[in-house]
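2 protein chains.
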Amino acid sequence: MPHKEQPDFQDLLARGQEGDRRAIGRMISRVEASGVADHVMMQQLWAHIGRARVVGITGPPGAGKSTMTDRMVKYWRKKDYRVGVIAVDPSSPFTGGAILGDRVRMNDLALDTGVYIRSMSTRGQLGGLSLACSGAVSVLDACGYDPILIETVGVGQSEVAVMNVADLVLVVSVPGLGDDIQAIKAGILEIGDVFAVNKADLPGADRTARELHIMLSMNPELSADLPPILMLSAEQNKGVEELCESVEERFSLMQNSQELIMRRNRRLEKELMAYIQNRLYKQVLSPALANDSFESNVEAFRTNKRNPYTWAENILKQIQIEGSTP
Amino acid sequence: MPHKEQPDFQDLLARGQEGDRRAIGRMISRVEASGVADHVMMQQLWAHIGRARVVGITGPPGAGKSTMTDRMVKYWRKKDYRVGVIAVDPSSPFTGGAILGDRVRMNDLALDTGVYIRSMSTRGQLGGLSLACSGAVSVLDACGYDPILIETVGVGQSEVAVMNVADLVLVVSVPGLGDDIQAIKAGILEIGDVFAVNKADLPGADRTARELHIMLSMNPELSADLPPILMLSAEQNKGVEELCESVEERFSLMQNSQELIMRRNRRLEKELMAYIQNRLYKQVLSPALANDSFESNVEAFRTNKRNPYTWAENILKQIQIEGSTP
Numbered sequence: 001m002p003h004k005e006q007p008d009f010q011d012l013l014a015r016g017q018e019g020d021r022r023a024i025g026r027m028i029s030r031v032e033a034s035g036v037a038d039h040v041m042m043q044q045l046w047a048h049i050g051r052a053r054v055v056g057i058t059g060p061p062g063a064g065k066s067t068m069t070d071r072m073v074k075y076w077r078k079k080d081y082r083v084g085v086i087a088v089d090p091s092s093p094f095t096g097g098a099i100l101g102d103r104v105r106m107n108d109l110a111l112d113t114g115v116y117i118r119s120m121s122t123r124g125q126l127g128g129l130s131l132a133c134s135g136a137v138s139v140l141d142a143c144g145y146d147p148i149l150i151e152t153v154g155v156g157q158s159e160v161a162v163m164n165v166a167d168l169v170l171v172v173s174v175p176g177l178g179d180d181i182q183a184i185k186a187g188i189l190e191i192g193d194v195f196a197v198n199k200a201d202l203p204g205a206d207r208t209a210r211e212l213h214i215m216l217s218m219n220p221e222l223s224a225d226l227p228p229i230l231m232l233s234a235e236q237n238k239g240v241e242e243l244c245e246s247v248e249e250r251f252s253l254m255q256n257s258q259e260l261i262m263r264r265n266r267r268l269e270k271e272l273m274a275y276i277q278n279r280l281y282k283q284v285l286s287p288a289l290a291n292d293s294f295e296s297n298v299e300a301f302r303t304n305k306r307n308p309y310t311w312a313e314n315i316l317k318q319i320q321i322e323g324s325t326p
Numbered sequence: 001m002p003h004k005e006q007p008d009f010q011d012l013l014a015r016g017q018e019g020d021r022r023a024i025g026r027m028i029s030r031v032e033a034s035g036v037a038d039h040v041m042m043q044q045l046w047a048h049i050g051r052a053r054v055v056g057i058t059g060p061p062g063a064g065k066s067t068m069t070d071r072m073v074k075y076w077r078k079k080d081y082r083v084g085v086i087a088v089d090p091s092s093p094f095t096g097g098a099i100l101g102d103r104v105r106m107n108d109l110a111l112d113t114g115v116y117i118r119s120m121s122t123r124g125q126l127g128g129l130s131l132a133c134s135g136a137v138s139v140l141d142a143c144g145y146d147p148i149l150i151e152t153v154g155v156g157q158s159e160v161a162v163m164n165v166a167d168l169v170l171v172v173s174v175p176g177l178g179d180d181i182q183a184i185k186a187g188i189l190e191i192g193d194v195f196a197v198n199k200a201d202l203p204g205a206d207r208t209a210r211e212l213h214i215m216l217s218m219n220p221e222l223s224a225d226l227p228p229i230l231m232l233s234a235e236q237n238k239g240v241e242e243l244c245e246s247v248e249e250r251f252s253l254m255q256n257s258q259e260l261i262m263r264r265n266r267r268l269e270k271e272l273m274a275y276i277q278n279r280l281y282k283q284v285l286s287p288a289l290a291n292d293s294f295e296s297n298v299e300a301f302r303t304n305k306r307n308p309y310t311w312a313e314n315i316l317k318q319i320q321i322e323g324s325t326p
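Chain order of the listed sequences is A and B. For the first sequence, position 252 matches number 252 in this note's numbering, and the numbering has no gaps at all. For the second sequence, position 127 matches number 127 in this note's numbering, and the numbering has no gaps at all.
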């Protein structure tokens, strides 16, 4: 099979690099297909990637992330960059080429051949979404897209995991959302490199920015180098330019300080470890658990007919790991 | 070795059940020893556990959790329960029998033979702290301690993981801590069964309670059955009784609705899966990674001398999982 796919892939890649959306779509579908990135393809992509700046955009629902993303795309389009957008919605049952519901107004972008927009939904297993997202980023990177914006819908655990795929994370906050509490859920403050207060024309925006500043100052790891907090109104297209410049500036800083290399190494290591553990789970653990599941033993455990720790040792024996049972 | 240890363990258990602290300490040290709970012992403990009500107590530093724990211990001591306390501090390098620094004032409790206090620090690997904590809970449960209070120092990821060991989680908040923001970090709101606003004599306590109420109401999963929010001052010993009664009431409700059984099943499943994955990692993956680590290849990856995806396939081959490479 690989021998058949290899030329096929080179052809797809060549077409993708010329901006052929169908070719790009097919490659992304392929890296997504198994929930675990297609490693044959990832191996082949490796030599072609590393140029794209990958920006994660996250924040609570209602913070105006999509509008902000659209504006940012337009900023980079004006500078003649080809921009990739991956819209991640773990709660949505839809994935693939389809554009998310609230993406309808992105239609003017959809007509721009210099922009590739892809929506992505949750994958079956843990870590699968990040792997799929990482694969899509690699495809877009190899096809010459830069920057690539990864936009999430919420701020849950899966969204935070997806942000690990980005080089730089932009956290969007907004005034008046239940005392801004959502913005800091799930450890999101710790992963932000640039902070944006959107809808800055609304009352309370200054307070939101001030509170962000206080919260960030409380983090001893950041105290020396507080991330910038920018005020903007994406809707009114105010402050978007400054925000994009700030993102670009952070990239330059990260490039000069080797921080970018370090982050990408960490990201690659995480991706590969997730891949290895996924494979271990799928090929080794999962079949053993299918034969003798925890669920099917619950009653026996509770009534002391079977010992759960003996069950665990049995599973380990099935996958040929010597147990510690006497 | 197991043949030698088995009678030893029965002896330790018998002594522990009579309240012999040294025996209990030795058993806990043994379950902690490898970072992964000692399964031979866990197997033997299984028949003796399931009676203790395990209460997790978490909240931001400065919320007065230790004082609250002390007061709660005294409440249950008055009712003649033998109470176990596990104080978890993932950031501390110390673990074992030593009592945490701010535990000095717990000295009056330390003299009470009906109370067993144990501090616990971070274990090497991911999930190790939860496994060690779970092991300690099993030992105390088997020795007749009920309730068992697990108190954490902060609200980080490890603390949230440790709370998985508890049957019921008590989240402590306090007025005036940076707009109460810390209390809701790291998804802590979602895991709370009972909420306490400590230092209720301070200004802003009502507002803290109101904000908690609003935040909890915003969770669609809870809307039907909002967890109780109790005001108290542990320092002044006001409201502690009501809090403990509320905890007991929640336990009765959970018992009647089968919720407790379901939670314990989930907890056991998580514990066993963590154990299995830990063993997989330690015995299979870790040796392969030691031979050919990601770190040692970073330069080769960056300069395209080696393909990282080929490296991952190699690791999988070493652990005898057939790769997808051509």
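One thing to keep in mind: the hints can contain errors.
Said to hold, decoys possible - Distance condition first, Cα-Cα at most 27 Å in a straight line; then the derived DSS-like pairs of lysine-lysine:
# : chain 1 : residue 1 : chain 2 : residue 2
1 : A       : K317      : B       : K317
2 : A       : K270      : B       : K270
3 : B       : K79       : A       : K282
4 : A       : K270      : A       : K282
5 : B       : K317      : B       : K305
6 : A       : K317      : B       : K79
7 : B       : K238      : A       : K270
8 : A       : K282      : B       : K282
9 : B       : K238      : B       : K79
What the hints assert, rightly or not - Pair ranges (Cβ atoms, derived):
#  : chain 1 : residue 1 : chain 2 : residue 2 : range
10 : B       : A47       : A       : E259      : 36 to 46 Å
11 : B       : E221      : A       : S293      : 23 to 33 Å
12 : B       : R266      : A       : I261      : 48 to 58 Å
13 : B       : A14       : A       : Q258      : 51 to 61 Å
Keep in mind that the hints were calculated from the coordinates and are not lab data. Bear in mind the structure is a predicted one, so any value in this text is a computation, not a measurement. Even for Gly, the Cβ is constructed at its ideal location relative to N, Cα and C.
Now the hints, each set against the structure:
no. : hint                           : in the structure
1   : A:K317 with B:K317             : holds (20 Å)
2   : A:K270 with B:K270             : holds (22 Å)
3   : B:K79 with A:K282              : violated (50 Å)
4   : A:K270 with A:K282             : holds (18 Å)
5   : B:K317 with B:K305             : holds (20 Å)
6   : A:K317 with B:K79              : violated (46 Å)
7   : B:K238 with A:K270             : violated (49 Å)
8   : A:K282 with B:K282             : holds (18 Å)
9   : B:K238 with B:K79              : holds (18 Å)
10  : B:A47 with A:E259: 36 to 46 Å  : violated (54 Å)
11  : B:E221 with A:S293: 23 to 33 Å : holds (26 Å)
12  : B:R266 with A:I261: 48 to 58 Å : violated (41 Å)
13  : B:A14 with A:Q258: 51 to 61 Å  : holds (60 Å)
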